[in-house]
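*Asks:* Residue strings, one per chain:
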Amino acid sequence: MSDDAVTPETVRHIAGLARVDLADDEVDRFSEQFADILDAFESLDAVPDVDADVELTNVMRADAVSPGLDTDAALENAPDHEDDYFKGPNVS
Amino acid sequence: MSDDIFITEDTIEPTGGGLLEGRTLAVKDNISTAGVRTTCGSKMLESYVPPYDATVVDRVRDAGATIVGKANMDEFGMGTTTETSFFGPTDNPAAPGHVPGGSSGGSAAAVAAGEADLALGSDTGGSIRCPASFCGVVGIKPTYGLVSRYGLVAYANSLEQIGPLASSVEDAATLLDVIAGPDERDGTTQEPPHDDVGSYRDAATGDVDGLTIGIPTELLDGAEAGVVETFWAAIDTLESQGASTQEVSLPSLEHAVEAYYVIAMSEASSNLARFDGVRYGQSGGYDGNWNEAFAEARAEGFGDEVKRRILLGTYALSAGYHDKYYKKAQDARAWVTQDFDTAFDDVDVLASPTMPVTPFELGEGLEDPLTLYLADANTVPINLANLPAISVPAGTADGLPVGMQLVGPAFGEHEIIRAASALE
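The listed protein sequences correspond, in order, to chains A and B. Residue 38 in this note's numbering is what sits at position 38 of the first sequence, and the numbering runs on without skipping anything. Residue 1013 in this note's numbering is what sits at position 13 of the second sequence, and the numbering runs on without skipping anything.
A hint or two may mislead.
[Said to hold, decoys possible] Not the full set, but computed from the structure, chain B residues with beta-carbon under 8 Å of chain A:
1. 1019
2. 1023
3. 1185
4. 1302
5. 1303
6. 1335
These are computed hints drawn from the structure, not numbers from a lab. Since this is a predicted model, take the numbers as computed values, not measurements. C-beta: ideal position from N, C-alpha, C; glycine also.
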């Protein structure tokens, strides 16, 4: 077990950042499992600093207008919409 | 049997004729099919119907294939058993009562059961090779950039590729011929650097005379005795046909599983942020503020393993932990890549058991995520290094299928196809 054990409060905090509601029993189960998994991740401390030999090439295309999804197709899977807009919950 | 192989059974007719004329094909349910629902094995997308086809779907239909269904999978590709699917587990046709592997378990099972001649899967850390191995079929994870991911629902973009499954190396190679090649809709695709080597299908000659095969000792250390025995018997078969073998050491592989999971979970936490129940998917309703509604949608729509990976990825990228986990994982990834490059200075291909274990019994491993993660030890290094690999049946251990994994240098698909075909 790593020194900084994963507390239920930590799991709740992370779940808040990730926008995932958790039930109390999920928080308890994840706290235990995360302690084991993060303990395994500790072994990465032994990895030396490595410079990646990156051979990346940019792929460019012409900045030209081309057809995309039409509005009806884009709205087809939305749980709800108003006119040509997705309907979402209140911003604040 | 077919009920648990496919999430949706539907016929999508070919649009042309060619290499796949008359062949039936199963498509993993994270690959978009216009007008046919594409669930990713998740409640979140239970009724999502894509308005467009993935590039690989266009290409197989153009080549004459008939799609017969959308295959079951671990939710969003996150699993090694296909048991995390919201739609329930799939039995293994080659070993009833056992898992088919994952995450492309439905794709491999469709081929093994004869429900389809061919299948498409996706492989982020072994998700084509593991089920190929467990179901006794052939699966290829192509070099990063060989096959377009346009229309693949993303899990971890820097790692994943779409690839073929089939009952023979030649059939898998033929399907690769159809789907490979640049696509203007996926900027990571590229033309293979050597275009004078013929088709992949023609590489399935079975000729391994003079081939040098490296065997990374790190990938045998953790494997079950029966798997190792079957592996060496298959190596003997290759040697009897003129291949030579030598042991090699890639010390970085000791850290590959941990590096893989940090990177894959981090990318997943970002990719899956799009599922907020507004444009598609499970709605969180319209009461309260948007953070509450999104958190509700995601609580209802995602299963345990997906939540686990999103949370761990969020943790690994959060302030104070980024350097400790994510940056070290990227260092490990660069180290793994260098180790493979060095190994290929001396050998043509590398060989290992695809999976260190034989198929789990259904329901056996779900309670202990870390044990399942460690079962990916032999497959994840290949994704970290962007390399091609094939899993081909090597025999059985205690009556259960064992696969051999052959790994090639980048865009070395021909070499691994040639070597794998010598085992048939």
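*Asks:* Decide, hint by hint, whether the structure agrees.
*Replies:* Okay, the hints, checked on the actual structure:
1. At a threshold of 8 Å, the smallest CB-CB gap from residue 1019 of chain B to chain A is about 27 Å, leaving the interface hint violated.
2. Look at residue 1023 of chain B: its Cβ only gets to about 30 Å from chain A, farther than 8 Å, so that hint breaks.
3. Among the interface hints, the one on residue 1185 of chain B is violated; its C-beta lies about 10 Å from the nearest C-beta in chain A, farther than the 8 Å criterion.
4. Residue-level restraint check for residue 1302 of chain B holds (minimum Cβ-Cβ distance to chain A is 7 Å; threshold 8 Å).
5. For the restraint placing residue 1303 of chain B at the interface with chain A, the shortest Cβ-Cβ distance is roughly 11 Å, beyond the 8 Å limit, so the hint is violated.
6. Hint status for residue 1335 of chain B: holds, given a least beta-carbon distance of 5 Å to chain A, under 8 Å.
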